[in-house]
Amino acid sequence: MLEVLTPLTMNNPDLTGAQKMSVEVRVPTILRTLTGGEKVVTANGDTLAAVVADLDGSYPGMGARLLDDSGLRRFVNIYVNDEDVRFLAGLQTQIADQDSITILPAVAGGC
Amino acid sequence: MAQIYYLQVLTIRADLLAAMVSHARADHPDEACGVIAGPSGSDRPERHIPMLNAARSPTFYEFDSGDLLALYRELDERDEVPVVIYHSHTATEAYPSRTDVALAGEPEAHYVLISTRETGPAEGPFEFRSFRIADGVVTEEPVVVEGDPTH
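Just so you know, the protein sequences line up as chains A and C, in that order.
Just add 184 to wherever you are in the first sequence, counting from 1, and you've got our numbering.
Just add 102 to wherever you are in the second sequence, counting from 1, and you've got our numbering.
Calculated directly from the structure, the hints in this document are not laboratory data.
The structure displayed is predicted, hence computed values, not measured ones.
Hints may be right or wrong, so weigh each one.
If you want the footprint, here are the derived chain C segments under chain A, 3+ residues with CB under 8 Å [as the list claims (entries may be wrong)]:
| hint | region |
| --- | --- |
| 1 | 117 to 129 |
| 2 | 191 to 197 |
| 3 | 203 to 214 |
Here are the computed lysine to aspartate or glutamate pairs in the EDC-like style, where the Cα-Cα straight-line distance is at most 16 Å [to be verified]:
| hint | chain 1 | residue 1 | chain 2 | residue 2 |
| --- | --- | --- | --- | --- |
| 4 | A | K223 | C | E182 |
| 5 | A | K223 | A | E208 |
| 6 | A | K223 | C | E179 |
| 7 | A | K223 | C | E195 |
| 8 | A | K223 | C | D181 |
C-beta: ideal position from N, C-alpha, C; glycine also.
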C-alpha cells in the first residue's frame, strides 16, 4: 500500500503506522482453546508487553496464561524470532514490524 | 457441552521403549527426558529424540529453552508432534508428581514415566508407565508393546 506522508499524517502514529507493529504469533496447542484453534495469529505492539496486552484483548484470558504478578511466567517461554526473551529484555523487548513471536510452554517437571 | 470418553492406550515399538529405558539408565541418578515424535494426527510414536535435561538434577527436568524452540521448529517442518514426552524418576515411582501435573503443557501427548530407582544405571527391573495429563487430571493408560522386546 502506498502511503503519502504529509505534515498532517507524519507525526500521527495512527496514520503513519509507527505504533502498529504487526507480528505473527505462534500459539502452542494448550493455548489454542483461546484462539479458536488457530495456530498462528497476528498481534500489534512495539514491545512484547504491548503485544501480550493486544493478544489478551483479542483472546481474553491469554494474558493470565502468559503472565503472573512478577511478569512472564517461569514455565512459559516466549521467543522473538529465534531468541528467548529472557536473554533479551523480557517484556520490554522491542518488537519490529514482521518479527515472529513463538510461545512454548516449558517441558519440565520433577519428582 | 457433551463429554466424549474414549479408551486411551499407548502403542509403542519395543525398540523405542528400550531406547527410552537406556537413556534413563545412562543419565541416572539425574532425570532423563525426551520425546518420541510421530506424524501429526497419527498418535504413532516413531522417532526418538533424546533431550538434554538443562536442570541436570535428580529431582527435576527441563528441556533447554533453545533446544525446545529448535525441537518444535523441526517437528513443525516435518508435520510431526511430540506423541510421547518422557522423563525418568530416579528415586521415586513412575507416577507423575504434583510438579509434573502442574507443568504438563501438551494435553494430547502420552506422558511416559520411567523409574530407575530399583537398579539405577544397571540392567534389571524398571517401571514404565504412560499417562494422559490434561487440566490437572492424570489418567493412566495401558501400554501395548509391539515387536520383539529383546531386539
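So, going through the hints one by one against the coordinates:
Counting residues of the region 117 to 129 of chain C whose beta carbon lies closer than 8 Å to any beta carbon of chain A gives 0, which falls short of the minimum of three for the stated coverage. For the region 191 to 197 of chain C, the stated coverage by chain A holds: 4 residues have a C-beta nearer than 8 Å to a C-beta of that chain, and at least 3 were required. Check result for the region 203 to 214 of chain C against chain A: holds, 6 residues qualifying (beta carbon to beta carbon below 8 Å, three or more required). At most 16 Å may separate the alpha-carbon atoms for a hinted pair to count; K223(A) and E182(C) meet this at roughly 14 Å.
Among the hinted pairs, K223(A) with E208(A) is consistent with the structure: their alpha-carbon atoms are about 10 Å apart, no more than 16 Å. With a C-alpha separation of about 14 Å, the suggested pairing of K223(A) with E179(C) holds against the 16 Å cut-off. Restraint check: the Cα-Cα separation between K223(A) and E195(C) comes to about 36 Å, which exceeds 16 Å; the hinted pair is violated. About 13 Å separates the Cα atoms of K223(A) and D181(C), which keeps this hinted pair within 16 Å; it holds.
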